[in-house]
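> Line by line, the protein sequences give chains W and X.
Quick note on numbering that gives the first Met the number 0: the first sequence kicks off at 0 and runs consecutively.
Quick note on numbering that gives the first Met the number 0: the second sequence kicks off at 0 and runs consecutively.
Keep in mind that the hints were calculated from the coordinates and are not lab data.
From a predicted model like this one, the values you see are computed outputs, not experimental measurements.
Check the hints yourself; a few may be wrong.
Any copy will do: because identical chains look the same in the list, a pair fits if it lies in one copy or spans two.
Under the rule of at most 16 Å between Cα atoms (straight-line distance), these lysine to aspartate or glutamate pairs were calculated in the EDC-like manner [stated by the list, open to error]: (1) Lys233 <-> Glu274; (2) Lys386 <-> Glu166; (3) Lys71 <-> Asp91; (4) Lys233 <-> Glu276; (5) Lys415 <-> Glu425.
There are 2 protein chains.
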Amino acid sequence: MGAKRQILIIGAGRSATSLIQYLLDQSEKENLHLVVADMSLDLAQNKIKNQSNAIAVKLDIKDTAQRRELIKQSDIVISMLPAALHLEVAKDCILYGKSMVTASYVSPEMQDLDEQVKAKNLVFMNEIGLDPGIDHMSAMQIIDRIKANGGKMILFESFTGGLVAPESDDNLWNYKFTWNPRNVVVAGQGGAAKFIQEGTYKYIPYQKLFRRTEILNIDGYGKFEGLANRDSLKYREIYGLDAIKTMYRGTIRRVGYSKAWNVFVQLGMTDDTYEMENTKEMSYRDFTNSFLPYHPYDSVEIKLRHYLHIDQDDIIWDKLLELDLFDATKKVNMEQATPAQILEKILSEKWTLKPDDKDMIVMLHKFGYELNGENKQIESSMLIKGKDQHFTAMSDTVGLPVAMATLKILNGEITKPGVQIPIIKEVYEPILKELREHGIIFQEKEVPYLGYKSMS
Amino acid sequence: MGAKRQILIIGAGRSATSLIQYLLDQSEKENLHLVVADMSLDLAQNKIKNQSNAIAVKLDIKDTAQRRELIKQSDIVISMLPAALHLEVAKDCILYGKSMVTASYVSPEMQDLDEQVKAKNLVFMNEIGLDPGIDHMSAMQIIDRIKANGGKMILFESFTGGLVAPESDDNLWNYKFTWNPRNVVVAGQGGAAKFIQEGTYKYIPYQKLFRRTEILNIDGYGKFEGLANRDSLKYREIYGLDAIKTMYRGTIRRVGYSKAWNVFVQLGMTDDTYEMENTKEMSYRDFTNSFLPYHPYDSVEIKLRHYLHIDQDDIIWDKLLELDLFDATKKVNMEQATPAQILEKILSEKWTLKPDDKDMIVMLHKFGYELNGENKQIESSMLIKGKDQHFTAMSDTVGLPVAMATLKILNGEITKPGVQIPIIKEVYEPILKELREHGIIFQEKEVPYLGYKSMS
Chain W
0 MGAKRQILII GAGRSATSLI QYLLDQSEKE NLHLVVADMS LDLAQNKIKN QSNAIAVKLD
60 IKDTAQRREL IKQSDIVISM LPAALHLEVA KDCILYGKSM VTASYVSPEM QDLDEQVKAK
120 NLVFMNEIGL DPGIDHMSAM QIIDRIKANG GKMILFESFT GGLVAPESDD NLWNYKFTWN
180 PRNVVVAGQG GAAKFIQEGT YKYIPYQKLF RRTEILNIDG YGKFEGLANR DSLKYREIYG
240 LDAIKTMYRG TIRRVGYSKA WNVFVQLGMT DDTYEMENTK EMSYRDFTNS FLPYHPYDSV
300 EIKLRHYLHI DQDDIIWDKL LELDLFDATK KVNMEQATPA QILEKILSEK WTLKPDDKDM
360 IVMLHKFGYE LNGENKQIES SMLIKGKDQH FTAMSDTVGL PVAMATLKIL NGEITKPGVQ
420 IPIIKEVYEP ILKELREHGI IFQEKEVPYL GYKSMS
Chain X
0 MGAKRQILII GAGRSATSLI QYLLDQSEKE NLHLVVADMS LDLAQNKIKN QSNAIAVKLD
60 IKDTAQRREL IKQSDIVISM LPAALHLEVA KDCILYGKSM VTASYVSPEM QDLDEQVKAK
120 NLVFMNEIGL DPGIDHMSAM QIIDRIKANG GKMILFESFT GGLVAPESDD NLWNYKFTWN
180 PRNVVVAGQG GAAKFIQEGT YKYIPYQKLF RRTEILNIDG YGKFEGLANR DSLKYREIYG
240 LDAIKTMYRG TIRRVGYSKA WNVFVQLGMT DDTYEMENTK EMSYRDFTNS FLPYHPYDSV
300 EIKLRHYLHI DQDDIIWDKL LELDLFDATK KVNMEQATPA QILEKILSEK WTLKPDDKDM
360 IVMLHKFGYE LNGENKQIES SMLIKGKDQH FTAMSDTVGL PVAMATLKIL NGEITKPGVQ
420 IPIIKEVYEP ILKELREHGI IFQEKEVPYL GYKSMS
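Bound conformation, chain W alone (with noise of 0.2 Å):
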């Protein structure tokens, strides 16, 4: 068989247990050792068990001697690291001429490596997770057969959601934490989010971005929300559609969530930039009252109540109930801690997965064309659920395109070089029809084109 080909796969977190188990799975027919490198060894270790063609190895990413020394080993590198930690190794990867893949977008910086990628003739796959990844591959793979049919592109809309499966659904807002809860808490946050509507620019900023959801429908599950993303129009160029007259980029959750959220938004419990007072003694019910005006005996709950004007029946209010917001004896107990981070405290309590829970990932594009003079529609989507705690929906829709799009480059099936993303059929073809064949499947349909302006 020759010397084996070394993958080093660099942080073990959540996201790389799937990942790591499909290059295992593939490891003896493709010929594969894995090295895989984490802070903590224990969790490299892990997550390969004691599979003969993998080591784990403890590694601090700052400590650039063993850095180098592993990279230097390998045949190509998968970075799963935090994103702002790429750039160190996709330096060493252009050093020793390694390829590299990461489910992260791309960063200025990273761009700003094309050219010595592309005089290496290496590949550096970014935005190969979920989303960004399967979002690219799948909306382009659809884009370019509507035009390679004639169609011309008017609305592309495009939607993803980490949720909690319906069987483990349990709490009032249908929500349970399927990945980093930091960035639910802060999302939003940063800057308007921007699209265009049939032509028209439209900017919601973030006190308002809650309170503009539009409902989705997902045959056999029923209605979900879409709330904007922050930056939809620089998706133009990307896809190739920069003449289009509705282009929307948004986030999935079930029906009602978004609208108790912004209680949040409005208290100003979601602000990360700054610390409290006494957040050590702080008990929720301080919490919570810190946001509202000082009254010397109205309650916390009817001050809330009043501020946000939310009635006597309105669900919301057992949705801030459930989380215990006004409970005077559970304490906060952080130093120092920023509003963000006591709301993820607050919040992890109640939304964490039990050990049986599953997750749930939901994708849906619309894409409407105009074609022989008429307007059509096709919509696309895809719901997986978690096989459990460990390989979840979220793990396997972010690992395993990565890790193909890994052993594809390392076999020369995909070769473009530079800083690339996977918006090309050479690489969304492959991919998807593998990620098929791992139950990762869309479910295309025509509908009757509903953009805008037939409304009139």
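Fit chain X to the supplied structure of chain W, relying on the hints for placement.
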């Protein structure tokens, strides 16, 4: 008489008018020679007219050689530059052993110079304009007196506003720009408002700031509203009020202003963090519509009313109409403008002072204290109207204390070395006394203690 004492004034903008005039008026008696330096020679010349005791010079503040030469030749330096530009001047002042005066907040970098300033026995007096400035002095005078009489401070609230005088008030907002319009448009952004009420810390996010006003009363001038400034908490230490139970600093507007301004906040029109698309061709109506949901035929008007729940008979609506926010013929006509820049332009068309308009400064302090087991309260207020469009109330209240402090440092009446703010008796007593002679007078009265505990 001996050689004239040279005062260098860097920056000859609006805020320097009264300051320069005061020093010109004193120049014979005090044997002064003024050097007024500005980017614009015209502006500097305009301020000194043809007075014999002053010259105007053109200065590029980045021209180190020229800047240093001017500082070296002077006996004391006043910097009326934007706050960010003080530092180079300050360093040169240390180099050549000159004292310095500014109306700006002490930056951390300025504070870091304290030891060097003390080592050279110089006075760097900052925050000696209106707000900060007169607020510090007038508050500390009463706080020190209450303490000296054996009182214990339990409440301090302080409000300042730059408004239009009633006789020049001809719009529904009861507001015109009397200072930098940009600061008005972005006011309150960049962090939650923080204060303490009856021992309870309170935080207001930007999205609720303009709905958390309180009503203020100024004898003879009726009702105003106060809204919280960013950080009231840090003044506890500065004013020596560490154990105080209520500490609140705010901005004054005419009643109803904030609730209407909240429309801009909720729409996202005050956002200065991104550039909108197509702002060259955009009409005011397009601008407003950018922040509203798309609809093929519903009007911008009905969408806005519905979105923000503005009733048919709500005066807020007339305030919006007055600004031409729904005008489809008026063009923004700016390249790559942010929402805040566009809003500033729209507002400036209506809110700019006319040649005969007068501005007005309002300041109100509330001091609650315990004396001999009794709770007492003092209210102290100041209301100043401008003389004309050059000698505005803003120019007087910012410039006169700066000028007075400069002369008193020059004359050895203010001597405490270091990076200072005007919170000690040596500074505030003589300056408040002289301000009274110029008509800047506080009205003080005892009122029943209205601390919040008394509500119950």
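> May I ask which of the numbered hints given earlier this structure violates, with the numbers listed in increasing order?
none
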